[in-house]
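Participant: Residue numbers (my numbering), protein chains in the order written: chain E, 3 to 114; chain A, 5 to 114.
Hints are computed from structural coordinates only; laboratory data are not their basis. Hints should not be assumed to be uniformly reliable.
[What the hints assert, rightly or not] Going by beta-carbon spacing under 10 Å, a handful of chain A positions derived as facing chain E:
1. Tyr40
2. Ser45
3. Pro48
4. His53
In this text, all values refer to a predicted model and were calculated from it rather than measured experimentally. Every residue gets a Cβ at the ideal spot worked out from N, C-alpha and C, and that includes glycine.
These are the residues of each chain, in order.
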Amino acid sequence: DTGVSQNPRHKITKRGQNVTFRCDPISEHNRLYWYRQTLGQGPEFLTYFQNEAQLEKSRLLSDRFSAERPKGSFSTLEIQRTEQGDSAMYLCASSLMSEKLFFGSGTQLSVL
Amino acid sequence: DAKTTQPPSMDCAEGRAANLPCNHSTISGNEYVYWYRQIHSQGPQYIIHGLKNNETNEMASLIITEDRKSSTLILPHATLRDTAVYYCIAPRDYGNKLVFGAGTILRVKS
Chain E
3 DTGVSQNPRH
13 KITKRGQNVT
23 FRCDPISEHN
33 RLYWYRQTLG
43 QGPEFLTYFQ
53 NEAQLEKSRL
63 LSDRFSAERP
73 KGSFSTLEIQ
83 RTEQGDSAMY
93 LCASSLMSEK
103 LFFGSGTQLS
113 VL
Chain A
5 DAKTTQPPSM
15 DCAEGRAANL
25 PCNHSTISGN
35 EYVYWYRQIH
45 SQGPQYIIHG
55 LKNNETNEMA
65 SLIITEDRKS
75 STLILPHATL
85 RDTAVYYCIA
95 PRDYGNKLVF
105 GAGTILRVKS
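Construct the complete structure from the given sequences, taking the supplied hints into account.
Facilitator: Have a look at this one:
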């Protein structure tokens, strides 16, 4: 069990650029979640997958955000045309069905 | 999810028990109470969960009142490494799509 892995750990980008983050869940976990966290706030739910199916998306997930989990293993979160308001920590978590969530260390995005 | 209310911050002396309260007066009969914590610059970490009965594991104890309207997370012998934000969550679905509030900042002091 190597835990949930997220890459990169840090990303600095200019406004208007596209960015993509990757999450590798714990291998046998069939559920994968994306959260966003800004300073001083708790994590906010963005979306989750069960296997390769995206089952729920938050209203926070605007049209500029897209998440995929093509083979039910790793997942990517892409943000197009980044804005300064997108600056946040992006957290990934995985679970085995509805059991407890295991979180990665996150990707810290800074949009200049 | 049932709304949960936690104090914004608490202090605890090292080696003493830390008792973190949580109110969840609107909780329904099938909603569990989960506790996670988040140490600075890390993702949240699962601590414990329960439905009706008190629960204990290697990290903490969870005491749930008989009417289930509140609970207390107990760290029996707090250490400096327990300094973190502690989140109490009562998800609508068992373990699914956790909705985090602001949590309680616990500061353990020597």
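Participant: Next, verify each hint and record whether it holds.
Facilitator: For each hint, the structure was consulted:
no.: 1; hint: Tyr40; verdict: holds, 8 Å
no.: 2; hint: Ser45; verdict: holds, 8 Å
no.: 3; hint: Pro48; verdict: holds, 5 Å
no.: 4; hint: His53; verdict: holds, 7 Å
Going down the numbered hints, you'll see the structure goes against none, and every one checks out.
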